[in-house]
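Student: The residues making up each chain are set out below.
2 protein chains.
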Amino acid sequence: MKKNLKLGVFGFGCVGQGLYHVLNETHGVKAEIKKFCVKNRNKARIIDASYFTYNADDILNDPEIDVVVELIDDANAAFEIVKKAVENGKHVVTANKKMLAEHLEEIYELQKTYDRSILYEGAVCGSIPILRNLEEYYDNDLITSIEGIFNGSTNYILTKVFEERKNYAEALKAAQELGFAETDPSLDVKGYDPKFKLAIAITHTFGVFVRPENIINIGIDKISATDLKYARENNLTIKLVARSYKIRDEIFGFVAPQYIPTDNMLASVRNEYNAVLVEGAFAEKQVFIGKGAGSYPTGSAVLSDISALTFNYRYEYKKIAQNDGLPFSNNVLVDAVVSFPQGNLITPQDFETFKGGYQGGGFQNLHGSVPLEKLKEWAGWDNVSVILAPEINLKAVPASELVERLTA
Amino acid sequence: MKKNLKLGVFGFGCVGQGLYHVLNETHGVKAEIKKFCVKNRNKARIIDASYFTYNADDILNDPEIDVVVELIDDANAAFEIVKKAVENGKHVVTANKKMLAEHLEEIYELQKTYDRSILYEGAVCGSIPILRNLEEYYDNDLITSIEGIFNGSTNYILTKVFEERKNYAEALKAAQELGFAETDPSLDVKGYDPKFKLAIAITHTFGVFVRPENIINIGIDKISATDLKYARENNLTIKLVARSYKIRDEIFGFVAPQYIPTDNMLASVRNEYNAVLVEGAFAEKQVFIGKGAGSYPTGSAVLSDISALTFNYRYEYKKIAQNDGLPFSNNVLVDAVVSFPQGNLITPQDFETFKGGYQGGGFQNLHGSVPLEKLKEWAGWDNVSVILAPEINLKAVPASELVERLTA
Numbered sequence: 001m002k003k004n005l006k007l008g009v010f011g012f013g014c015v016g017q018g019l020y021h022v023l024n025e026t027h028g029v030k031a032e033i034k035k036f037c038v039k040n041r042n043k044a045r046i047i048d049a050s051y052f053t054y055n056a057d058d059i060l061n062d063p064e065i066d067v068v069v070e071l072i073d074d075a076n077a078a079f080e081i082v083k084k085a086v087e088n089g090k091h092v093v094t095a096n097k098k099m100l101a102e103h104l105e106e107i108y109e110l111q112k113t114y115d116r117s118i119l120y121e122g123a124v125c126g127s128i129p130i131l132r133n134l135e136e137y138y139d140n141d142l143i144t145s146i147e148g149i150f151n152g153s154t155n156y157i158l159t160k161v162f163e164e165r166k167n168y169a170e171a172l173k174a175a176q177e178l179g180f181a182e183t184d185p186s187l188d189v190k191g192y193d194p195k196f197k198l199a200i201a202i203t204h205t206f207g208v209f210v211r212p213e214n215i216i217n218i219g220i221d222k223i224s225a226t227d228l229k230y231a232r233e234n235n236l237t238i239k240l241v242a243r244s245y246k247i248r249d250e251i252f253g254f255v256a257p258q259y260i261p262t263d264n265m266l267a268s269v270r271n272e273y274n275a276v277l278v279e280g281a282f283a284e285k286q287v288f289i290g291k292g293a294g295s296y297p298t299g300s301a302v303l304s305d306i307s308a309l310t311f312n313y314r315y316e317y318k319k320i321a322q323n324d325g326l327p328f329s330n331n332v333l334v335d336a337v338v339s340f341p342q343g344n345l346i347t348p349q350d351f352e353t354f355k356g357g358y359q360g361g362g363f364q365n366l367h368g369s370v371p372l373e374k375l376k377e378w379a380g381w382d383n384v385s386v387i388l389a390p391e392i393n394l395k396a397v398p399a400s401e402l403v404e405r406l407t408a
Numbered sequence: 001m002k003k004n005l006k007l008g009v010f011g012f013g014c015v016g017q018g019l020y021h022v023l024n025e026t027h028g029v030k031a032e033i034k035k036f037c038v039k040n041r042n043k044a045r046i047i048d049a050s051y052f053t054y055n056a057d058d059i060l061n062d063p064e065i066d067v068v069v070e071l072i073d074d075a076n077a078a079f080e081i082v083k084k085a086v087e088n089g090k091h092v093v094t095a096n097k098k099m100l101a102e103h104l105e106e107i108y109e110l111q112k113t114y115d116r117s118i119l120y121e122g123a124v125c126g127s128i129p130i131l132r133n134l135e136e137y138y139d140n141d142l143i144t145s146i147e148g149i150f151n152g153s154t155n156y157i158l159t160k161v162f163e164e165r166k167n168y169a170e171a172l173k174a175a176q177e178l179g180f181a182e183t184d185p186s187l188d189v190k191g192y193d194p195k196f197k198l199a200i201a202i203t204h205t206f207g208v209f210v211r212p213e214n215i216i217n218i219g220i221d222k223i224s225a226t227d228l229k230y231a232r233e234n235n236l237t238i239k240l241v242a243r244s245y246k247i248r249d250e251i252f253g254f255v256a257p258q259y260i261p262t263d264n265m266l267a268s269v270r271n272e273y274n275a276v277l278v279e280g281a282f283a284e285k286q287v288f289i290g291k292g293a294g295s296y297p298t299g300s301a302v303l304s305d306i307s308a309l310t311f312n313y314r315y316e317y318k319k320i321a322q323n324d325g326l327p328f329s330n331n332v333l334v335d336a337v338v339s340f341p342q343g344n345l346i347t348p349q350d351f352e353t354f355k356g357g358y359q360g361g362g363f364q365n366l367h368g369s370v371p372l373e374k375l376k377e378w379a380g381w382d383n384v385s386v387i388l389a390p391e392i393n394l395k396a397v398p399a400s401e402l403v404e405r406l407t408a
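Chains as they are written, first to last, in our numbering: chain R, 1 to 408; chain H, 1 to 408.
Please note: incorrect hints may appear among the correct ones.
Copies of the same chain look alike in the list, so a pair counts if it works inside one copy or between any two.
What the hints assert, rightly or not - Within a straight-line C-alpha distance of at most 30 Å, the following computed DSSO-like cross-link-like pairs (lysine-lysine) qualify:
1) Lys318 / Lys166
2) Lys6 / Lys355
3) Lys374 / Lys229
4) Lys376 / Lys229
5) Lys173 / Lys285
6) Lys84 / Lys395
I should point out that these hints are in silico values taken from the structure, not numbers from a laboratory.
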């Protein structure tokens, strides 16, 4: 049952190199790398040149290669590689969250059509085995929510800003030097990266496909010195939280920063660590914490997927069968704190339910219940920062009512 | 592949009742309870009398029953039930940690001999899917340690004592009323229960079988008011930690209370929540947190095991094959804080390396590196409390050297 797999790997960056070393050092996984395909002929390579090719078809058309491991940056090129690999009868391991979020339904269909496995544990929170657990352990229909800290780079920045009082720019630079940040850091700090991961997690949690462009993301790039002061004075920290809930028969999901009490478990998740909280009707609250960024954490997830392929593992997407097309909706009210320079930019009347405010030092913050889509709009205005309250008091709202509120 | 399983359940306490309700409410798991076997004829039953039998063979000899679910207290009777069930061609789900810890090698052999599956996720930290993850995701040989808070009752007591300043007896009573404590609470507070769970975890983490009587356990029952004061003054809390490490080619494991800094992740694991930290060479640190006690958390683990049986799931015990009989040893030095009433009961000379001490209010505490077996001896002396230091600085010691130190 357990075969020795031959791998063709696209990309020889941190994760590809880490994978090479790990496979050499562990005897438990019956797999070997036959070929690396890379773009750049001139990069110094630390292993023998015979491992390398510059032609994708040398891997994709090689009948000896059982599994394609896709570790490149470019999401479009990555999808083309994955598609061709499966069409040519190969299994795939990838960790490319943007590519997966944008093509997940096609990825699902490719597996069914060609009877091949595409695994991507490393795409959602690095080393945390969340997809494997959603598939195998939480396979009945009793999960009510999934949320957490899904981005290592922004969590690193927020930790350094709060604990070491680094300024944002210094902290971002350090995250980039450590290899935690995306090539384009706005993918992290504006909340796109956690949104891609959330889209993938939603499919495995609730069995629905959501286009990432339909998920609202508010990032950490607008957080001000006033917000940090307010947090410290109130024994709070700030975390960038991705979340999704099933309420009655609708699915909701969004990414936004949130004030978190310092004695809350999420507050103790630091630096590049990620956290995933799953809540179920019977298991109640389950928390998974692990490194979400870096070559070894991602590499270990890729390694676990390769190992699973030696046992013919497949994602079964059981919840898609169970949930039969539940709709995804952004029609929710949430409690948030909005801060901006003193003035009438936003007033208590703009809130569904205004709950209080603070003014001082040229700034004000207002706190209350707001439609999510209105929060997203405010978050785009100059000098306005939006941070969810410690208790978000999420309320689903029928669409007709919400249109009234948004246009009032 | 997915069959509809008929279950015979031994026990109709909290977990049995919870399981009945859960199976009625979820449509995802293809299983139904045919029969409950109970001891007590006179207990009022909330479901129809036809479900009940008082004769174990009505389940064990019924060819229609595919899976026996064992949810009774008595470890010896439980083992006899499990053994006979498997001999009669049935699979088994159990959560009886004492029975499993005492018979794990036989449990393993029974599965091989009769080609049947015995699953027991609920036995180790309730709802946390740790065994499933050790088996399926961490299946290569790269784990270096496993540790955590493995007992909900003592964690509840310690949380109440520290956060609500309840006294120990009040907190124990509350734990019992909430159903978190074992029938005999000394199993919890003296550290036997977490030891049973550790023994099981060690087999799935490192592939060795350890007799529970060979594992050292120090409990929370000797912790004094002085210790609590010392903790509060030093921004520490106290947790009962079970741990096991692989160092070079030996396995170490023990249970003892430890001082934990209040900003450490473990400090935020409260009440009946358990935590498991797995450290691997490549995944680095992974944390799982979930409810370790109570009928729904345990019931959800039992439910996940039943669901897995509908897909013919089996533990493969891969690490037993990989690790080929690594020895278990207690030859370690650890850093600990020992406190007792003022006097010469224990002196700095009794430490391998003495690192400091404090005297006052009729008490003293001494801190330093001590052989584990000497700590266990001290922990048994009247009025002596042993709590590991925040950094335990564990050092494996060759057996010959250690004999000298213990008898010096």
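Student: If the cut is 30 Å between Cα atoms, do Lys374 and Lys229 qualify within a copy, between copies, both or neither?
Tutor: Within one copy only: 25 Å inside a chain, 50 Å across chains, cut-off 30 Å.
Student: Have a look at Lys376 and Lys229 and pick one of within, between, both or neither, based on CA distance no larger than 30 Å.
Tutor: within (23 Å within a copy, 48 Å between copies)
Student: Give the relationship of Lys318 and Lys166 under a CA distance limit of 30 Å: within one copy only, between copies only, both, or neither.
Tutor: Neither: 45 Å inside a chain and 46 Å across chains, both beyond 30 Å.
Student: Please work out whether the CA atoms of Lys84 and Lys395 approach to 30 Å or closer within one copy, between two copies, in both situations, or in neither?
Tutor: neither (44 Å within a copy, 52 Å between copies)
Student: Evaluate Lys173 and Lys285 at a C-alpha cut-off of 30 Å and name the case that applies: within, between, both or neither.
Tutor: Between copies only: 24 Å across, 35 Å inside.
Student: Under a CA distance limit of 30 Å, which applies to Lys6 and Lys355: within one copy, between copies, both, or neither?
Tutor: neither (60 Å within a copy, 54 Å between copies)
This entry does not satisfy hints 1, 2, 6, going by the numbered hints stated previously.
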